[in-house]
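Asker: Each residue of the sequence shown is one higher than the last, beginning at 3 in this note's numbering.
Think of the hints as simulated: they come from the structure by calculation, not from any bench. Ideal placement from N, C-alpha and C gives every residue a C-beta, glycine not left out. Any given hint could be a false lead.
Just the calculated beta-carbon pair ranges, DEER-fashion [claimed, not checked]:
1) Glu144 to Asn281: 31 to 37 Å
2) Asp64 to Asn149: 39 to 45 Å
3) Lys202 to Asp371: 26 to 32 Å
4) Glu292 to Val250: 18 to 24 Å
5) Gly178 to Glu310: 17 to 23 Å
6) Gly123 to Leu374: 52 to 58 Å
7) Glu310 to Val376: 14 to 20 Å
Subject to a maximum C-alpha distance of 16 Å in a straight line, what follows is the list of computed EDC-like cross-link-like pairs (lysine to aspartate or glutamate) [to be verified]:
8) Lys170 to Glu36
9) Lys244 to Glu310
10) Lys68 to Glu97
11) Lys277 to Asp307
12) Lys139 to Asp105
13) Lys170 to Asp183
14) Lys221 to Asp159
15) Lys277 to Asp183
16) Lys68 to Glu48
17) Lys148 to Asp83
18) Lys202 to Glu34
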Amino acid sequence: MRKPFWLLGVAALMATLVSCNRNAKPEPAVYELEVYKTQKIVLNAEDRDLESEITLPGGLVDIDGKDALVFYSNGSISYYDLETGKKMSGVSNVEPKEPVSLDTVIDVDVPLLAGDSKQLGVRLDYDETNNVYWAEKAYDTEYYGKNVNELIIIDKDFKYLGTIYDSKVFPWFWNGRILVDISRIKNNSVVTVNFLKLTKTDRDYKEYIESCRADLEKKHKDWEEYKEKNSPENSPLIGLVKPEADRVYKVLTLYCKDEISDGDKMVIDSLIGEKEIVNLAPIYLVISAENEEVATSYVKKNGLDCIEKIVFDTEGFAKTDAGQDNPRFMLVEDGLITRDTIYSTQDIGTEMIPRLFGEGKFTRYYIYDGELVVAVTGGAFIDD
């Protein structure tokens, strides 16, 4: 029995629509990386990197169907089961699974790049868990003042799906089953692992992109204002120090007081105890006093005359709204004050002193064969 002509026309139209839909460019959407589970890994003492402030994981591997983080430290390799958080015994030399990568140029609509439509030269890493490709764009730190990242999501047919902008969680590793982020490393012993899933939201995409653009503009504006305010030219205290051409140097201020507080004593003891490092490292000590005579007396009375790089502040440059009761720490990097902190007594031993000797572009100082060694720690200093 023959079908009516109009039914044949409808069938042909439906087939055409289905074919077009298959080839249609997907509408971009707002995606998020959602933490659905966390796991803490407590590193055994022998697996903590002795040369680093922080022991970072070096990969994610599959060991007999179990997901495990790899740690390279002290010339050895250790594996920790992500399900239990415990070290795995009897395991050695397991190669991490390399992600499927593709260096290519694709024509995608990526609104946060210059122009709404652009050919994008990228390295794509395929995520089997979510069946998508990831491309990462890191924005210019010199322009925005901080690390800002954008994850561009592209489907298996190389069509743009969306953007995850400046996310609080970030995919460190994936192995075909799971996607994980390392969010915190505490006391070089406890590693917090976030398990992530890619979620498509119902947020308005255009509004989201406009908010991302506005945030980038604000970051740039804030950074320019910060540079102007915190340049050495606008800081009489930094101008007083007049350091040599150090890319990174540290300035510590002590205020002359009749009675030495517990916090001051901790600082003074650390300076004297590490005087070899202090005298070789780009560390400058400012003594703030009413006049030079008071400053000289303070230095001699407290045994600080063993420190070579001392300057006196008799103009009150070091005085802040917090007054002159606490030590002050300043970190200067590439001609810009990047940290300026007044420390309370309870924070001096745990925060200020470690930063004095162990932070600044992720480096720490030690003496070897009479010479100063600046060691790269391999990771950021993460506060508790």
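Asker: Evaluate each hint against the coordinates.
Answerer: Taking the hints in turn, this is what the structure says about them:
1. Glu144 to Asn281: 31 to 37 Å: holds, 33 Å
2. Asp64 to Asn149: 39 to 45 Å: Because 30 Å falls outside the window, the suggested range is violated.
3. Lys202 to Asp371: 26 to 32 Å: violated, 58 Å
4. Glu292 to Val250: 18 to 24 Å: About 31 Å separates the Cβ atoms of Glu292 and Val250, which means 18 to 24 Å is violated.
5. Gly178 to Glu310: 17 to 23 Å: violated, 57 Å
6. Gly123 to Leu374: 52 to 58 Å: At roughly 42 Å between Cβ atoms, Leu374 and Gly123 fall outside 52 to 58 Å, so the hint is violated.
7. Glu310 to Val376: 14 to 20 Å: 18 Å Cβ-Cβ, so the 14 to 20 Å window holds.
8. Lys170 to Glu36: holds, 10 Å
9. Lys244 to Glu310: Given that 16 Å is the threshold and the Cα spacing comes to 14 Å, the pair holds.
10. Lys68 to Glu97: Roughly 14 Å between the alpha carbons, so the hint for Lys68 and Glu97 holds.
11. Lys277 to Asp307: holds, 10 Å
12. Lys139 to Asp105: Holds, at about 14 Å.
13. Lys170 to Asp183: holds, 10 Å
14. Lys221 to Asp159: Status violated; Cα separation ~34 Å.
15. Lys277 to Asp183: At roughly 40 Å apart (the allowed maximum being 16 Å), Asp183 and Lys277 break the hint.
16. Lys68 to Glu48: violated, 23 Å
17. Lys148 to Asp83: Roughly 34 Å between the alpha carbons, so the hint for Lys148 and Asp83 is violated.
18. Lys202 to Glu34: With Cα atoms ~7 Å apart, Lys202 and Glu34 stay inside 16 Å; holds.
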